[in-house]
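Novice: Following the hints, put chain Z in place on chain D, whose structure we already have.
Chains as they are written, first to last, in my numbering: chain D, 257 to 534; chain Z, 257 to 534.
Treat the hints as calculated values from the structure; they're not laboratory data.
Heads up, some of the hints might be wrong.
Remember, identical chains collapse to one label, so a pair may be satisfied in a single copy or spanning two.
[Stated by the list, open to error] Derived PhoX-like pairs: lysine-lysine, alpha-carbon spacing no greater than 25 Å straight-line: (1) Lys528 with Lys341; (2) Lys322 with Lys491; (3) Lys322 with Lys341; (4) Lys528 with Lys353.
In this text, all values refer to a predicted model and were calculated from it rather than measured experimentally.
2 protein chains.
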Amino acid sequence: MTDAGSKLAAALAERFGEDFAIPQTAGLDALARMADHRSMRAYAPREVPASLIRTLCAVALSAPTKSDLQQADIVIVSDPTVRAKLDEWCGENPWVKAAPAFLVFCANNRRQLRIHERHAIAFANDHLDAFFNAAVDAGIVLSAFVTAAEAAGLGTCPISAIRNRAADVSALLGLPDRVFPVAGLCVGWPAHPGGISPRLPTGLRVHENRYDEGDLDAAIAAYDERRNRTRPFAKQRDPARFGTSPAYGWSQDKARQYAAPERADFGAYIRKIGFRLD
Amino acid sequence: MTDAGSKLAAALAERFGEDFAIPQTAGLDALARMADHRSMRAYAPREVPASLIRTLCAVALSAPTKSDLQQADIVIVSDPTVRAKLDEWCGENPWVKAAPAFLVFCANNRRQLRIHERHAIAFANDHLDAFFNAAVDAGIVLSAFVTAAEAAGLGTCPISAIRNRAADVSALLGLPDRVFPVAGLCVGWPAHPGGISPRLPTGLRVHENRYDEGDLDAAIAAYDERRNRTRPFAKQRDPARFGTSPAYGWSQDKARQYAAPERADFGAYIRKIGFRLD
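Next comes chain D alone, as it looks inside the complex (with noise of 0.2 Å):
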């Protein structure tokens, strides 16, 4: 096997706990650095040049769009004051602050509405697919994004916190309605190597015709078992309502994460900012 080979090989098996027959292609490295993926929170203290930024949006925004739509928006935050406020407001991720750099992925329906007023024809199609599709394109761009970044050596961490109070997210940034923030992205040097995040098995996920989870439970068991062994959870999650587990892993974690509510008026600031969600 070739060493782009071999690296896949090695990353996916980190990765999901299984061999994979890497087939002879054309851009094993590409998938080398893919399948290499890993979230990276802390940053080597230099900036990250502004025509870079520019340069990775444009590419991002070459992804495929839904209907060639193009319902995706970057906004690249620079300035110290807005930061100050979307760092204060993403608070339990303090890599925020540390970012270099931070973008806010945002889906945009209001061209489309523009459009069509602009021909004088009636936008037929105002329920749950509008809300829907702009914010796939969000993640087709994102997803976009941090391929092109670690591509270029940076390192970048995904920060949903920003819809946590979207309303004032969207203020701050003179979002428009029908213009709301899907994720924000720190961008950064790297100060580590950081390390592969373990997944659950493909036999899970990866489906042939029908839908087939096997025995969910027992896949699920075996996985926290193998994400325990090398990448063990360094603290439990209100230990204070649910007591400290011994076997605590990442289902437990996911469990415990979703049962506080998050983002409950979500829906109703997506309302307000005048989507149907029918």
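Specialist: Then chain Z, alone, in the frame of chain D:
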């Protein structure tokens, strides 16, 4: 400038009609390839090896995921009977039938609920956020798959018509409640080089500190014109309803497209499979 730098500059210039100051950076090859993204709807008569598809799925599932929840799944459609149904249901996209391989990217909020059951901890976030996060995760994975596939030399075309009959697709693929299709994806070896689809100027979509779309109408008019210079629309939508326009372009095409209801039942389907969208 390096060869890759020149390629990147050329692709972005064609895409956005703008000159970018390409910085010196690692990964210029990868950025150039991503900037050169093109949807591909015609395929060489040559199979895509199953091992390659599986590897690309694993690479795509290595992309970031909201709160580490891993809420995206992929269904590989290899059974000709299943495929024939999907081809039929995505009827207005003949390239679906033509594609050697076809995948369905799904959002999966089911595992999260199962994790809560497993630990007997109530899920306190059964509102719009749950639907949103799973949908965006699927978009992130779709985007990563497309980038990875293009690195391997493949061409792809996302198919949102898969949701035109979401309930039928769901039954066909055996998707349980809280799992829904987000997009199909045609995959195959390109039959021709294809072309770069021009996009709106980045001035409309990349903002600094505050959203600023400037003179949106003028920018859209200029974009319609630029696009028509290189890739004019071969035919006009629904001339019976709208007549024939001498200045037909992107904005008119999109307004006409969404003048007819599409997926008006998507919200009802999403609620039926268990989501609350409050």
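Novice: Run through the hints listed earlier and report the numbers of any the structure violates, in increasing order.
Specialist: 4
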